[in-house]
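At position 115 of the sequence shown (counting the first as 1) the number is 173 in our numbering, and the numbers step up by one without a gap.
Treat the hints with care, since some could be wrong.
Cβ pair distances, simulated, as ranges [unchecked claim]: (1) Leu183 to Met236: 15 to 25 Å; (2) Gln152 to Arg307: 53 to 63 Å; (3) Gln152 to Gln80: 27 to 37 Å; (4) Gln80 to Glu252: 55 to 65 Å; (5) Asn295 to Thr205: 35 to 45 Å; (6) His314 to Val244: 21 to 31 Å; (7) Ser107 to Arg156: 19 to 29 Å; (8) Val199 to Pro158: 38 to 48 Å; (9) Glu217 to Lys315: 37 to 47 Å; (10) Thr163 to Arg235: 43 to 53 Å; (11) Asn219 to Glu299: 13 to 23 Å; (12) Thr163 to Leu85: 22 to 32 Å.
The hints are simulated quantities; they were obtained by calculation from the structure and are not laboratory data.
For each residue, glycine too, the CB sits at the ideal point set by N, CA and C.
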Amino acid sequence: MRLRKIFFVLVAIAALASCKSQYEILLNSNDADVKYEAAFDYFNNGKFSKAASIFESLSVLTDGTERDDTVRYYWGLSNYKFRDYYTAETNFDQFIQRYPRSPFTSEARFLRLDCLYRQTLRYELDQTPTYTAINAISEYVIEFPSTTHMQECNDMLRELNERLDRKAYEGAKLYYRMEDYLASRVAFRNVLKEDADNIYREDILYYIAMSSYKYAHQSVPAKQKERYLSFVDDYLNFIGEIPESHYRRELDSFYHKAQRALGRQTVDAGDDDMTAKDFAKERRKLLREEKKADKQ
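Take the sequences, apply the hints, and build the full model.
What follows is the structure, encoded as structure tokens:
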């Protein structure tokens, strides 16, 4: 019984060795027809790494022939399906340059973009690949406005831009967490200066106001007045733009505290019926006080 088991193990090892040597023979063969058929057999059976290697070696034999664009396209597609997106992107880029009129070119263009998209990194890491992908996809949708992949391209662009928005937002928020409120306010304002449509705009405006308040609250008495005035300005900006925000109640509370610290009685900006005219009046008053503070 033991000898029989050993026999089957040896047979299995021999079979594996045979398979490996057969693949190596195919890889080194100069028979283009045999390699072509074998490459597609591997591809159709989901063995994409082996298919890619055979298509790569086959490309030397098919160079200049009518099969060459098929071989080179499937070389890239094999790497793509094997999730080697860096190599696949190179394959597709070279293919597009070499065969701009091939039946495969349209799909190769999109797959190259998809490779660039899949090479991007989460927001905490370097976003250079994200910018590269955004530029390539944007150029593609402008050049090919009738592409059947328009929805996919728009989805990729939206996700990549949202990733950049989050990176900018989280980067500024780090200063707030470190309790460096002056740097926090500057950083958040710069985020909106560079991208007014940042998807975190409401949160950013909130943190700008909160940074102003906390910076004023922690300041020496001689500096508090002008800094509370900055908070009031940020507060009015916020509720003027997003009056129904879920941050409204909290900011209203700090607004009243700032007003008491300033010794001022003014329009209750926390009231729901405060009008645009009231905001304008409050802003003019604020500007007059800031100018007066500057002269002093």
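Hints, verified against the model:
1. Leu183 to Met236: 15 to 25 Å: holds, 21 Å
2. Gln152 to Arg307: 53 to 63 Å: At 59 Å between Cβs, range holds.
3. Gln152 to Gln80: 27 to 37 Å: holds, 29 Å
4. Gln80 to Glu252: 55 to 65 Å: holds, 58 Å
5. Asn295 to Thr205: 35 to 45 Å: Hint holds: Cβ distance 41 Å, inside 35 to 45 Å.
6. His314 to Val244: 21 to 31 Å: holds, 26 Å
7. Ser107 to Arg156: 19 to 29 Å: holds, 23 Å
8. Val199 to Pro158: 38 to 48 Å: violated, 18 Å
9. Glu217 to Lys315: 37 to 47 Å: holds, 40 Å
10. Thr163 to Arg235: 43 to 53 Å: holds, 49 Å
11. Asn219 to Glu299: 13 to 23 Å: Holds, since asparagine 219 and glutamate 299 (Cβ atoms, about 21 Å apart) stay within the stated range.
12. Thr163 to Leu85: 22 to 32 Å: holds, 28 Å
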